[in-house]
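Number of protein chains: 4
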Amino acid sequence: MKNVRQIKINENLQLKKLIDDLENTGFNAKRLANACKIYERMVKDKECTIFFSLAGAMVPAGMQNILIDMIESGFIDILVTTGANLTHDIAEALGFHHLQGNLAIEDKTDKDLHDDHINRIYDVFMPNNVYEGMEDFIKTLDFDLNMSVKDFLTYLGHQLPDEPKSVLKTCANHEIPIFCPAFTDCGLAMQLSFSYPKINLNHFQDLQDMINLAWDAKTAGVCIIGGGVPKNYVLQAMQFSPNSAQFAIQITMDRPETGGLSGAELREAISWGKINEKAQFSTVVTDATIALPIILSYLKTVT
Amino acid sequence: MKNVRQIKINENLQLKKLIDDLENTGFNAKRLANACKIYERMVKDKECTIFFSLAGAMVPAGMQNILIDMIESGFIDILVTTGANLTHDIAEALGFHHLQGNLAIEDKTDKDLHDDHINRIYDVFMPNNVYEGMEDFIKTLDFDLNMSVKDFLTYLGHQLPDEPKSVLKTCANHEIPIFCPAFTDCGLAMQLSFSYPKINLNHFQDLQDMINLAWDAKTAGVCIIGGGVPKNYVLQAMQFSPNSAQFAIQITMDRPETGGLSGAELREAISWGKINEKAQFSTVVTDATIALPIILSYLKTVT
Amino acid sequence: MKNVRQIKINENLQLKKLIDDLENTGFNAKRLANACKIYERMVKDKECTIFFSLAGAMVPAGMQNILIDMIESGFIDILVTTGANLTHDIAEALGFHHLQGNLAIEDKTDKDLHDDHINRIYDVFMPNNVYEGMEDFIKTLDFDLNMSVKDFLTYLGHQLPDEPKSVLKTCANHEIPIFCPAFTDCGLAMQLSFSYPKINLNHFQDLQDMINLAWDAKTAGVCIIGGGVPKNYVLQAMQFSPNSAQFAIQITMDRPETGGLSGAELREAISWGKINEKAQFSTVVTDATIALPIILSYLKTVT
Amino acid sequence: MKNVRQIKINENLQLKKLIDDLENTGFNAKRLANACKIYERMVKDKECTIFFSLAGAMVPAGMQNILIDMIESGFIDILVTTGANLTHDIAEALGFHHLQGNLAIEDKTDKDLHDDHINRIYDVFMPNNVYEGMEDFIKTLDFDLNMSVKDFLTYLGHQLPDEPKSVLKTCANHEIPIFCPAFTDCGLAMQLSFSYPKINLNHFQDLQDMINLAWDAKTAGVCIIGGGVPKNYVLQAMQFSPNSAQFAIQITMDRPETGGLSGAELREAISWGKINEKAQFSTVVTDATIALPIILSYLKTVT
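Chains as they are written, first to last, in this note's numbering: chain A, 1 to 303; chain B, 1 to 303; chain C, 1 to 303; chain D, 1 to 303.
The following block holds chain A by itself, in its conformation from the complex (with noise of 0.2 Å):
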């Protein structure tokens, strides 16, 4: 065993020197750091299939040029997310900003928030008048109305604009596949849904093209942001790799202990087949927000 290592922190760190000295510590700190090492090690492996599951509201909070910046650099092969994620930067796309809110300040209440046409994500606030504009976009539209939900993301991904950047645009021009299993539980599905009431995208060739890039990947390696379905999804995918995943990194502040997926341990999916007995993994207690800056920064410097 190795000893725990008392860290010394200097002005003008750098987050590689952080997180190479956090290797040596304890708690979430060390998993963190072991977190960013096991990511390191998945793009490095050049023969290894990087699967990205996306939970958890990461366009609102300001996270969206991370998710373009590691789809561009490579460092998402697969991505696995929410509608809300997918609406939220469509709303980016189309020059709509979301907002600070200061829930210390106590001075709205949620009463006067839609009272104001406001939508409340926790301290972040997004104006109603997103919808109408995205709107105004889906109306311009011209798709098949029975493709896959993968399909159609990057059909929409190629009508945004290039600027601002998007995650849907970003996935389309790099070849990314987007899989969205719980697509209809958002306000872009519900928006299509009364726009194209004949629409009927095909969840299930979804399902089926995802075991197939499962069944492709000889060596795999996921990377689960938040828990939810698109965890899930990754998952359950996982059984069908030859060898199961051989890298995991999760971050989450979900617990184990109410037996939900969102906050079991990694190690659980052992026994089930969809992580290898002899994977390297790493759970990471943390909020995202914090997270993935670290990660992605530490990975952008060692690449």
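Mixed in with the good hints, there may be bad ones.
Repeated chains share a single entry, so a pair holds when one copy, or any two copies, can fit it.
As the list claims (entries may be wrong) - Derived pair list, reagent style DSS-like, types lysine-lysine, alpha-carbon separation capped at 27 Å: (1) Lys-198 - Lys-139; (2) Lys-165 - Lys-8; (3) Lys-218 - Lys-111; (4) Lys-300 - Lys-111; (5) Lys-278 - Lys-46; (6) Lys-218 - Lys-37; (7) Lys-2 - Lys-111; (8) Lys-17 - Lys-165; (9) Lys-16 - Lys-300; (10) Lys-17 - Lys-111; (11) Lys-278 - Lys-111; (12) Lys-278 - Lys-108; (13) Lys-198 - Lys-46; (14) Lys-17 - Lys-108; (15) Lys-108 - Lys-2; (16) Lys-8 - Lys-46; (17) Lys-218 - Lys-139.
FYI, nobody ran anything at the bench for these hints, they're computed from the structure.
Please arrange chains B, C and D on chain A, whose structure you already have, making use of the hints.
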């Protein structure tokens, strides 16, 4: 303001009495009592349509009969749940069982469980041969491959045996619609996809049906167990209910601070117009396996 | 391995029956049932000394009578608690009351409460004039300024009225020692310090008494409500108990991942020799205001 | 209201730049940035006395030098901590080390560790022979058995070697008072009690000294790491500071819903008059092992 009353607990205490007393206390005890009382009002309001969202591994944990009982008793009008709960429901309906594990004893690692073909869900185990039995059942089906998920689940319920009882069969018999927005995110859907490669259940038809049900509900109440997609799918529909939700209870262990919807406070939904600004609501931060049996017994006693 | 049993809940359900049924389930429901059964064995084992640690604002939340009842029923042999619980216990004993707040209504900010001389404890409020009443009481005391905290608390209990009942008076009457290792960390101690500037209660005498009590307990059981100093004080003493703790239950909402003792799993204490490697133990992750009333009713019914 | 800005992360990123960018985001990322900025203002306000409360096993986790550096840099004026941190600080000062465990590997049960004389603190291990070394050191002491805990800790610091550095020695050298309100709740105090049976360190003298320090602080700032007794001890003293706390930051993983002070929101302290109603404050829900190194590097860079 009312005084906190120092409650007195007796032997042979009935849950009804406990809840009545907890209403005079504080913290989660009071909120649990409030949730019971609000649910009681939903049930007694003959105009109220009760939307019930269910995430988390409730069937593996032994809560299947509680759900069945709530449906039979008229405490659930519309059920929104995860594919995992449906998969486990079918497993029990086909005569399989989940097993009680013991994490404290530490005598089995996840690798050991994998070698023994046993899948772990925190401290509940499921033998892998469940999937073989389910496959045999699925091969006997004969259905329209383009129906909605809701209609498919009703069909599926009718194919299951009367005994042992199941959530699916009970909903089918009582004409309670089940929505499963992320249906492809479960073992059941994967097996359907293998047996019926052309399957394309219409998820957007579900969305339209759900919105219509909300539209028709002049008085709407929501009961949210866990977070995830079921929670959001119910709440997004409430925007289309003429008066949005007028009653709301939520049982969860998730936190609000990360900005994810699973842990969001109910009052946040007021800003979105999903919950009425005059609604009665209560969030209880506790494990649903403890809260649900208490709520059910309370409701059965007072109605 | 035993099957998970799908439990059936009836109207007029008694808590004893609920617990018996929950023993056949999973997750925190099972663990709560296990905790009840282990506590039952502690109580029925006539050789067993029960060390009870209590953190968290249980008296403000209306749980004072539960503690009193547990002491009178012989379910607690040694009590370790926080100064806050003692301060609130005295407030109630002197005829003051805590009040039920309502955070959902958002009609009072913390600034408003401060202007109104009301102190907030989450959703429970305490009028500031409690301190004036307590000051008057404290000025009537006459005690050895160098006694141990434990002996002072026994003295203090005897000075309190018979009605309304209090934890302090009940412990004094039943000769149940109360330890309060961080006694100076509360309003009661601050007022003592102002009224008796030369006060020097002997905290090390307490420590020696506590270790001796552990030493004398051939069979020791621990019940830990919340974490903090009371938890550690009980567990560190168990190292001196001849067989360390042979029964242990813990009710907490704290997490283990940060490495703090409050959220640490009970089995970690085996490595330290604080809990016997053959001990029966159960951690329940739930709010104590929900778990404690259930545990007490169960114990009163079976003993 | 300001827009959320979608942040851009580069390679070789410095922590100072990261924090500046996170200020424009949401959720815990923004709150961490706010906490850094508020701490910066505390440090730059020459009138401000900084009260620093520290719970949690920070020294075992490798954060000892961070604390030492913060003291040497003038970022801590008064330290309130747990006996556990002091015990581990002395262990490192005497040349012992903590070890990095690996919970994922599951190759050691707590029983195995006990057999190997190794104590577990989540994923950090401490060999039991630390206590023998500490006992030898303690036997060399010569001190007034009735001094305050604070004065004893200053004396103790002076007895420790210059190298390896320790929190105790650094505080002694820089005349930074250390308060440890629950001092008897740790291994160090137990050993003192065995070696000096008549020891009676004066805890009430500490309380009076603490209140006087608060009284003298016209401008007071608090930094709370973890909850527990150190948090409450600092906050209760703030009631006696002429303007109560005007700056406050808190790093914790505890929840408010159970009503315990550890997880209480900072704004609750406004109702008690512990935090000024015009104070700047920020709570960050994250592991302190991740937040503290970031905060320290930020402070060293800007001051």
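Under a CA distance limit of 27 Å, which applies to Lys-218 and Lys-111: within one copy, between copies, both, or neither?
between (53 Å within a copy, 20 Å between copies)
Within, between, both or neither, where Lys-17 and Lys-108 count as close if Cα-Cα is 27 Å or less:
For Lys-17 and Lys-108, the Cα distance exceeds 27 Å both inside one copy (42 Å) and across copies (31 Å).
Give the relationship of Lys-165 and Lys-8 under a CA distance limit of 27 Å: within one copy only, between copies only, both, or neither.
The answer is between: 12 Å across copies meets 27 Å, while 38 Å in one copy does not.
Is it within, between, both or neither when you check Lys-278 against Lys-111 at 27 Å Cα-Cα?
So Lys-278 and Lys-111 pass the 27 Å test across copies only (9 Å; inside, 52 Å).
With identical chains treated as interchangeable, where does the CA-CA distance between Lys-2 and Lys-111 reach 27 Å or less: within a copy, between copies, both, or neither?
between (55 Å within a copy, 21 Å between copies)
Using 27 Å as the alpha-carbon threshold, which applies to Lys-198 and Lys-46: within, between, both, or neither?
neither (43 Å within a copy, 34 Å between copies)
For Lys-198 vs Lys-139, is the C-alpha pair at or below 27 Å within one copy, between two copies, both, or neither?
within (14 Å within a copy, 30 Å between copies)
Using 27 Å as the alpha carbon limit, work out where Lys-278 and Lys-46 are close: within a copy, between copies, both or neither.
within (19 Å within a copy, 49 Å between copies)
State whether the alpha carbon distance between Lys-108 and Lys-2 is at most 27 Å within one copy, between copies, both, or neither.
between (52 Å within a copy, 15 Å between copies)
Between copies, within a copy, both or neither: which fits Lys-8 and Lys-46 at Cα up to 27 Å?
Between copies only: 26 Å across chains, 34 Å inside a chain, cut-off 27 Å.
Is it within, between, both or neither when you check Lys-17 against Lys-111 at 27 Å Cα-Cα?
Close neither inside one copy (46 Å) nor across copies (35 Å); limit 27 Å.
At most 27 Å between C-alpha atoms: does Lys-300 with Lys-111 qualify within a copy, between copies, both, or neither?
neither (44 Å within a copy, 34 Å between copies)
Hints 4, 10, 13, 14, 17, counting from the list given before, are not met by this structure.
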